[in-house]
Amino acid sequence: MIAVWVIIGIIVILLLVFWATYNGLVRLRNQTKNAWAQIDVQLKRRHDLIPNLVETVKGYMKFERETLEAVTKARNIAVQAASAGAAERGKAEGELSGALARLLAVVERYPDLKANQNFLALQEELTSTENKISFSRQYYNDSVLKYNNQTQMFPSNIIAGMTGFKSGEFFEVTVAEEKEAPKVSFS
Amino acid sequence: MWEQVRSNQIKSAVLVALMGILLLVLGYFIGLIFGSGIGGVVVALIVWGIMNLIAFFQGDSILLGISGARKISPDDHPRLYNVVEEMKIASGLEKVPDVYIIDDPALNAFATGRDPNRASVAITSGLLQKLNRDELQGVIGHEVSHIKNRDVLLMVLLSMTLGSIVILAWYASRFMLLAGASGGRSRSSSRGGGGGAQLIIIAVGLVLMILAPIIAQFIYFAVSRKREYLADASSALYTRYPEGLASALEKLATSNTNVRTANQATAPMYIINPFQKKGMSIDGLTSTHPPIAERIRILRAMAGASLADYERAYHQAKGRGGIISASALAGAGTMALRAPSPEVTPVEEPSQKVERARETSDLMWRLSNYRTISCECGSTLRVPPNFKAPAVRCPHCGRVNSIS
Chain L
1 MIAVWVIIGI IVILLLVFWA TYNGLVRLRN QTKNAWAQID VQLKRRHDLI PNLVETVKGY
61 MKFERETLEA VTKARNIAVQ AASAGAAERG KAEGELSGAL ARLLAVVERY PDLKANQNFL
121 ALQEELTSTE NKISFSRQYY NDSVLKYNNQ TQMFPSNIIA GMTGFKSGEF FEVTVAEEKE
181 APKVSFS
Chain R
1 MWEQVRSNQI KSAVLVALMG ILLLVLGYFI GLIFGSGIGG VVVALIVWGI MNLIAFFQGD
61 SILLGISGAR KISPDDHPRL YNVVEEMKIA SGLEKVPDVY IIDDPALNAF ATGRDPNRAS
121 VAITSGLLQK LNRDELQGVI GHEVSHIKNR DVLLMVLLSM TLGSIVILAW YASRFMLLAG
181 ASGGRSRSSS RGGGGGAQLI IIAVGLVLMI LAPIIAQFIY FAVSRKREYL ADASSALYTR
241 YPEGLASALE KLATSNTNVR TANQATAPMY IINPFQKKGM SIDGLTSTHP PIAERIRILR
301 AMAGASLADY ERAYHQAKGR GGIISASALA GAGTMALRAP SPEVTPVEEP SQKVERARET
361 SDLMWRLSNY RTISCECGST LRVPPNFKAP AVRCPHCGRV NSIS
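Taken in order, these protein sequences are the chains called L and R. Residue 103 in this note's numbering sits at position 103 of the first sequence, with consecutive numbering throughout. Residue 302 in this note's numbering sits at position 302 of the second sequence, with consecutive numbering throughout.
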């Protein structure tokens, strides 16, 4: 009789553990999805800002046609990569950051531009968007690390394997220039 | 980061319960002195309940109201608003807190709101114009982590309990003095045989009336200081750049103006103690905030940006104990620091300071509904909202500018 109760007790405890672990995994997976959506919003915001930026600086920078075209091209590639996976996207966005950094470096040579209110407002938006991209990436990677730990470590990995939780993909940047945010300082 | 919040919630619940028990015991003994222990408990609960109801439903608007804070939109001050958004993203909050500006030359900032979805951060105009972008980020990171860690709710609960204890002890002691002077003898004679027991109860009650507020205050201050360290640690984690907050604190430390509208109850929400006097080091058991110099020293000693790095720096600076719970440290390796923002130059140029001061004062005028007119001679005229005439004469060149 006692043995039966002990077995029932063990089963109940196992069910409770399963229940808690499963819910924990779902919560973590949703958190990574949410964090990914945040990155998405910020990358789109950057894509939207760039045509504006190019338009504003074009008049001042007649001799930098190549730099401007490189930015526009990198932006278009990044827009197309928007539906791709994290790795490919990271590469495209890295290229864009590099092109932006080069553009903003040559802006230094155009003092008139620095007096342009429109440009100053864009500069603030761009700085902030770069920051937001890196902060959302930071939060996303932290979330993925936590989620992956749960799906790979014992004992939660058993439940993750049974119910089909797969490890998440980190959002890494593959181009060297992106390691630093583009220089948006012109003073 | 998330375990930190959870283990904090348990510890906080214990502390709130401790304060609550202190309040009830005090109420019980005061009640016994005046005839009914249960009655005293009921009175204590009613006082506490009323204070909490007010704080819960009106807390933020009272705090923001008395400090004269004004809500701003993204267009009013893009840099400030952007920085708040950045920290919201870094901390994983769901909603951007409302942003307020307090027109006050004192240097300070605070966070309020009982849950993360209804939170606000406020900053004084004085501080806003003193800080560069990285420093502003550090300060806002500190405030946002007060919101994220639910410090606001905890500190409000604790301060209302502390308030109830102080109120009860104060009124009860005045009452006893009055009763002792006028009707004390008649009551003790009417109670008859219980004289010895009554004396003991009065003695215990008196001791409680004196000690309870002091003990409650120690708990309150201890919790508050711990929360400040944690908010510093989280700010470093969010920004990956402890130097920003350290350098902001350095600027704050040089300020000798106190926030006009702060009071003891709201003090823990500010980034530095709003009552700190210049040159005086407030340490030990009776301050809501740790000494600024020490906070700066810890932040500057951080080798990385993770909570574990803060813990090491804290240990190194204080030579004892830790501040962050073990469960939060498990798995928290070291995290690389980032470089300073490119627009932040090592030595700030005067023009940048002027630019920021102008930006902030323009904002304050705009928020007061002043109209700005540029005269042809280059002066800027500010027209108050109650100015009704159709035109105004420029005091510099005498041209008449129409107000459209």
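Take these hints with a grain of salt, some might be off.
[Unchecked claim] Okay, the calculated beta carbon distance ranges per label pair:
#, chain 1, residue 1, chain 2, residue 2, range
1, R, Asp75, L, Gly24, 36 to 44 Å
2, R, Phe56, L, Leu15, 44 to 52 Å
3, L, Ala86, R, Trp365, 42 to 50 Å
[Claimed, not checked] Which residues of chain L face chain R? A partial, calculated answer using Cβ under 7 Å:
#, residue
4, Glu124
5, Phe135
6, Ser136
7, Gln150
8, Lys166
None of these hints come from the bench; they were simulated from the model. All residues carry an ideal CB built from backbone N, CA and C; glycine is no exception.
Hint check:
no.	hint	result
1	Asp75(R) - Gly24(L): 36 to 44 Å	41 Å, holds
2	Phe56(R) - Leu15(L): 44 to 52 Å	38 Å, violated
3	Ala86(L) - Trp365(R): 42 to 50 Å	47 Å, holds
4	Glu124	5 Å, holds
5	Phe135	4 Å, holds
6	Ser136	5 Å, holds
7	Gln150	11 Å, violated
8	Lys166	21 Å, violated
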